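Asker: Chains as they are written, first to last, in the working numbering: chain A, 1 to 128; chain B, 1001 to 1133.
Note that these hints are calculated values from the structure, not bench results.
Hints may be right or wrong, so weigh each one.
[To be verified] Here are the in silico distance ranges between beta carbons for each label pair:
{"#": "1", "chain 1": "A", "residue 1": "Met127", "chain 2": "B", "residue 2": "Asp1041", "range": "18 to 26 Å"}
{"#": "2", "chain 1": "A", "residue 1": "Lys18", "chain 2": "B", "residue 2": "Arg1119", "range": "38 to 46 Å"}
{"#": "3", "chain 1": "A", "residue 1": "Arg48", "chain 2": "B", "residue 2": "Arg1119", "range": "16 to 24 Å"}
{"#": "4", "chain 1": "A", "residue 1": "Gln105", "chain 2": "B", "residue 2": "Pro1089", "range": "40 to 48 Å"}
{"#": "5", "chain 1": "A", "residue 1": "Asp72", "chain 2": "B", "residue 2": "Lys1013", "range": "19 to 27 Å"}
{"#": "6", "chain 1": "B", "residue 1": "Val1095", "chain 2": "A", "residue 2": "Thr21", "range": "39 to 47 Å"}
{"#": "7", "chain 1": "B", "residue 1": "Ser1052", "chain 2": "A", "residue 2": "Thr6", "range": "38 to 46 Å"}
{"#": "8", "chain 1": "A", "residue 1": "Glu90", "chain 2": "B", "residue 2": "Tyr1016", "range": "23 to 31 Å"}
{"#": "9", "chain 1": "B", "residue 1": "Tyr1020", "chain 2": "A", "residue 2": "Lys87", "range": "22 to 30 Å"}
{"#": "10", "chain 1": "B", "residue 1": "Pro1089", "chain 2": "A", "residue 2": "Glu90", "range": "40 to 48 Å"}
{"#": "11", "chain 1": "B", "residue 1": "Leu1011", "chain 2": "A", "residue 2": "Lys93", "range": "23 to 31 Å"}
{"#": "12", "chain 1": "A", "residue 1": "Arg48", "chain 2": "B", "residue 2": "Lys1013", "range": "36 to 44 Å"}
[What the hints assert, rightly or not] So the derived list for chain B, only partly shown, Cβ under 8 Å to chain A, looks like this:
{"#": "13", "residue": "Tyr1003"}
{"#": "14", "residue": "Ile1026"}
{"#": "15", "residue": "Ser1063"}
Since this is a predicted model, take the numbers as computed values, not measurements.
Glycine included, C-beta positions come from ideal geometry on N, C-alpha and C.
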Amino acid sequence: MRIKITSVPVDDQDKALKFYTEVLGFVKKTEVPLGEHKWLTVVSNEERDGVELLLEPMGFPPARTYQKQLFDAGIPWTAFNVDDIDKQCERLKKLGVIFSMEPTQMGPSKIAVFNDTCGNNIQLVQML
Amino acid sequence: MKYYNKRVQQLKKELYEKEYLIRHIIQAKNFADANYADKIDLNKMAREAHLSKFHFMRLFKASYGRTPYQYLVEVRMKKAKELLKKGLPVSAVCVSVGFDSIPSFTRVFKKITGTTPARFQLLAKKATLDKTC
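Using the sequences and the accompanying hints, generate a full structural model.
Answerer: Right under this line is the structure:
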């Protein structure tokens, strides 16, 4: 048994693909049409064989409530690791990304939180 | 301020009040990152952190969720995997990541990755060939 996929729920898969590739810099890995939606995954450009991130359509209404509650509370849906959080935040801000938490040291790590424009807060983490 | 931001600030206050201690722990971790190929051990890492061995071990585990030794092994294995993928002989990789003998290197590598260095290298080579076909 292996961990191959993790996911973020998104309100619009095409919009999400654009954000996750063009803004965050991930690379599309799989796109399989599945009726109204598709099986759509991206990977890190630095680890193309690594865990895939599924941009999962919000087909189940109660999930939208859960996602919104997390978003409103500022709680990240998931987290991505970076080598230099300050540099990444500056880069993303220049591309118009909105942060709800500026880079903040938490003991041996530094974290920041941004809006992925698809209904989620995403946390960046740099291990110091 | 949002709920999550408040919680982060609260936790920061509760857990990481003594900033100088965290600085010392990070310094020791960076020391391991830079010197994984040398014969470093708990004593050397604790010295780097200016802390007693047991105090250092406890704080390191509380900060990084693993002991200093476990962390050092992880760094060494990560580097070993990179070198094996580049095609370096197992014996050369063993020395490059701070191990004295191939059996001990193989034992630790297998424990961490689930496979031997030689097999890991073989699989990595096969994966590269499959991609180019």
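Asker: If a hint holds in the structure, say so; if it doesn't, say that too.
Answerer: Cross-check of the supplied hints:
The supplied range of 18 to 26 Å is met by Met127 of chain A and Asp1041 of chain B, whose beta-carbon atoms lie about 22 Å from each other. In this structure the supplied range 38 to 46 Å holds for Lys18 of chain A paired with Arg1119 of chain B, their Cβ-Cβ distance being about 41 Å. For Arg48 of chain A paired with Arg1119 of chain B, a C-beta distance near 22 Å keeps the hint of 16 to 24 Å intact. Taken as a hint, the range 40 to 48 Å holds for the pair Gln105 of chain A and Pro1089 of chain B, whose Cβ atoms sit roughly 42 Å apart.
Between Asp72 of chain A and Lys1013 of chain B, the C-beta spacing of about 24 Å keeps the proposed range 19 to 27 Å intact. The supplied range of 39 to 47 Å is met by Val1095 of chain B and Thr21 of chain A, whose beta-carbon atoms lie about 41 Å from each other. A hinted range of 38 to 46 Å for the beta carbons of Ser1052 of chain B and Thr6 of chain A is consistent with their spacing of about 40 Å. Range check, Glu90 of chain A to Tyr1016 of chain B: about 25 Å between beta-carbon atoms, so the 23 to 31 Å window is met.
At roughly 26 Å, the beta carbons of Tyr1020 of chain B and Lys87 of chain A sit within the given window of 22 to 30 Å. The hinted range of 40 to 48 Å is satisfied by Pro1089 of chain B and Glu90 of chain A, whose Cβ atoms lie roughly 42 Å apart. Restraint check, Leu1011 of chain B to Lys93 of chain A: a C-beta distance of roughly 25 Å satisfies the suggested window 23 to 31 Å. Restraint check, Arg48 of chain A to Lys1013 of chain B: a C-beta distance of roughly 40 Å satisfies the suggested window 36 to 44 Å.
Proximity of Tyr1003 of chain B to chain A holds as hinted, the smallest CB-CB distance being about 4 Å (cut-off 8 Å). At its closest, the beta carbon of Ile1026 of chain B sits 5 Å from a beta carbon of chain A; the interface hint therefore holds under the 8 Å criterion. Contact between Ser1063 of chain B and chain A, as hinted, is supported at the beta carbon level, the nearest pair being about 4 Å apart and thus within 8 Å.
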